[in-house]
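Undergrad: Chain by chain, the residues:
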Amino acid sequence: MRNIFLFIRRYFNLLTFLLLQFVALYFLFNYNRFHRASFLGIANEITGNINSRYDKLDDYFHQGEENRRVHRMNDSLLNLLEQNYLVPDTGMQVRVDTLRGDTIEQYRRYLWREAKVINNAVNRQRNYLQLNRGAKHGIRDNMAVLNSDGSVVGVVVNVSSNFSQVMSLLHVQSKVNASLKKTKEFGSVEWDAVDPRYLLLKGIPKNEEIVKGDTVLTSVYSYNFPPDHIIGTVNSVTIDKATGLYLIKVATNANFYNLQQVFVVENLHRSEQVLLDEETRKKIDEVKPVNR
Amino acid sequence: MSDLLKNIIRFLIFILVQVFVLDNIPPLHQFIVPIIYFLFILWLPFSISRFWLMIIGFLTGLSLDYFTMTPGLHAAACVLIAYARPFVINILTPKDTSEFNYREPSPKSMGWTPYLVYTLILTFLHNIYLVFLEWLQFGSFLDFLIKVIATTGISMMLIILTEILFPRRLRYRTNTPG
Numbered sequence: 001m002r003n004i005f006l007f008i009r010r011y012f013n014l015l016t017f018l019l020l021q022f023v024a025l026y027f028l029f030n031y032n033r034f035h036r037a038s039f040l041g042i043a044n045e046i047t048g049n050i051n052s053r054y055d056k057l058d059d060y061f062h063q064g065e066e067n068r069r070v071h072r073m074n075d076s077l078l079n080l081l082e083q084n085y086l087v088p089d090t091g092m093q094v095r096v097d098t099l100r101g102d103t104i105e106q107y108r109r110y111l112w113r114e115a116k117v118i119n120n121a122v123n124r125q126r127n128y129l130q131l132n133r134g135a136k137h138g139i140r141d142n143m144a145v146l147n148s149d150g151s152v153v154g155v156v157v158n159v160s161s162n163f164s165q166v167m168s169l170l171h172v173q174s175k176v177n178a179s180l181k182k183t184k185e186f187g188s189v190e191w192d193a194v195d196p197r198y199l200l201l202k203g204i205p206k207n208e209e210i211v212k213g214d215t216v217l218t219s220v221y222s223y224n225f226p227p228d229h230i231i232g233t234v235n236s237v238t239i240d241k242a243t244g245l246y247l248i249k250v251a252t253n254a255n256f257y258n259l260q261q262v263f264v265v266e267n268l269h270r271s272e273q274v275l276l277d278e279e280t281r282k283k284i285d286e287v288k289p290v291n292r
Numbered sequence: 001m002s003d004l005l006k007n008i009i010r011f012l013i014f015i016l017v018q019v020f021v022l023d024n025i026p027p028l029h030q031f032i033v034p035i036i037y038f039l040f041i042l043w044l045p046f047s048i049s050r051f052w053l054m055i056i057g058f059l060t061g062l063s064l065d066y067f068t069m070t071p072g073l074h075a076a077a078c079v080l081i082a083y084a085r086p087f088v089i090n091i092l093t094p095k096d097t098s099e100f101n102y103r104e105p106s107p108k109s110m111g112w113t114p115y116l117v118y119t120l121i122l123t124f125l126h127n128i129y130l131v132f133l134e135w136l137q138f139g140s141f142l143d144f145l146i147k148v149i150a151t152t153g154i155s156m157m158l159i160i161l162t163e164i165l166f167p168r169r170l171r172y173r174t175n176t177p178g
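From first to last, the protein sequence lines are chains A and B.
Going by my numbering, the residue at position 2 of the first sequence is 2; the numbering climbs one at a time, nothing skipped.
Going by my numbering, the residue at position 6 of the second sequence is 6; the numbering climbs one at a time, nothing skipped.
Hint data in this document are derived by calculation from the structure and do not stem from the laboratory.
Here a beta-carbon is modelled for each residue, glycine too, at the ideal position from N, C-alpha and C.
Any given hint could be a false lead.
[What the hints assert, rightly or not] Covered by chain B, per the in silico footprint, the following chain A stretches (three or more residues, Cβ under 8 Å):
1. 43–49
2. 66–76
3. 121–127
4. 133–140
5. 263–271
[Claimed, not checked] The following residues of chain A were derived to be distant from chain B, with all beta-carbon distances above 10 Å:
6. Arg108
7. Leu111
8. Gly213
9. Val220
10. Lys241
11. Ala242
12. Leu245
Could you put the whole structure together from the sequences, leaning on the hints where they help?
TA: Following this line, the structure appears as structure tokens:
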């Protein structure tokens with residue numbers, strides 16, 4: 001017993017060092033499982049508070065550009081209004097179903113909420129944004145985040161009561177279902193941590209010609225993102241020798257250097273879709289041994 | 001100003017500068033990441049015991065981690081340099097204590113060359129561990145090597161600039177407390 005105490009006393013510093021290293025590495029490698037722990041929630045509140053103060057000041061430098069972007073967005077929405085269109089056939093009339101108001105909730109798939117980016121990074125391998133909306137305002141994990149002009153920014157990964165953290169597209173673990181506007185073929189958009197202006201689109205087969213400037217949209221198969229929102233445009237096309245598929249460099253449509261106002265989009269059917277998916281897998285896995 | 005108050009103010013300034021200035025600089029290149037917050041640990045007084053040095057290092061790293069959403073990453077690197085700091089200081093400073101009267105490491109108290117060696121060793125240790133932990137999860141080995149060298153170079157440049165721009169007025173170590 002005495003020897004143990006002597007040992008601890010003698011190597012006290014080394015033991016402290018090892019203990020602290022262990023704690024730090026435990027935090028780091030268990031982050032994904034761990035991030036709902038309450039003290040990270042509290043830390044999120046504190047950093048959120050400081051970030052939102054800083055952001056108030058930062059706002060003044062971006063207002064002009066943000067106004068123009070919102071104005072363009074309004075312009076594109078105004079152009080969609082019904083009164084802009086005439087019915088070519090005079091014998092036909094457009095009737096608006098008055099019942100629509102009562103039943104619309106049932107069919108609603110995406111719910112949009114506005115939010116403000118209060119902290120943003122682009123110079124790491126794992127970049128996160130912080131938004132000034134949290135669980136109190138209905139934000140949950142896995143909601144999509146779109147820029148004020150509708151282009152894709154990222155996915156919510158962690159929520160505290162007043163703030164939320166978003167995994168930006170510029171994150172080496174980010175993977176977004178995407179499709180080409182022209183050919184409708186789908187692949188996934190990832191980031192290789194090289195340049196914050198460019199993403200990689202992988203998994204597109206070499207069937208059709210792809211040229212510079214083609215639009216990359218979110219896929220209709222995505223659980224998180226509403227379909228047909230722009231991710232970026234094709235910058236250059238190479239062929240991945242290992243797989244024989246296209247490897248496409250995509251210039252992001254959102255300017256990640258100055259994100260300001262964003263939308264958080266909730267897929268109201270997401271939990272149902274994910275549940276169905278999981279149950280299908282379970283069912284098939286159970287059946288498998290019988291077939292063998 | 002007492003050492004405690006001075007160091008608390010320093011701590012806040014270093015963390016805020018790292019989060020809101022250096023992390024917001026548009027990246028020149030994927031390998032170049034300006035990091036300077038750990039200079040706070042290098043500037044702590046000589047008199048702090050190793051145990052507290054490591055605890056302070058852990059807390060410093062963790063506070064930065066909460067801003068960057070990487071719990072444990074910077075904390076691990078900071079604990080490492082806090083642990084290594086006394087070894088490096090022992091090697092670089094004269095054993096004769098009569099020549100060694102200042103409270104904390106600085107170019108003035110140690111001389112420019114020993115001070116630069118001291119910061120270089122610890123900066124290198126910090127960055128190599130930090131980049132190593134990042135690299136474990138993503139990247140190629142060549143990326144790792146280049147990034148360690150590039151970040152260490154940038155950090156050293158920032159440290160030298162800080163020393164020239166903000167020379168610290170140092171008091172002699174005295175027998176009277178305070």
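Undergrad: Among all the numbered hints in the text so far, which are the ones the structure does not match?
TA: As far as the earlier hints go, 2, 4 and 5 are violated by this structure, in ascending order.
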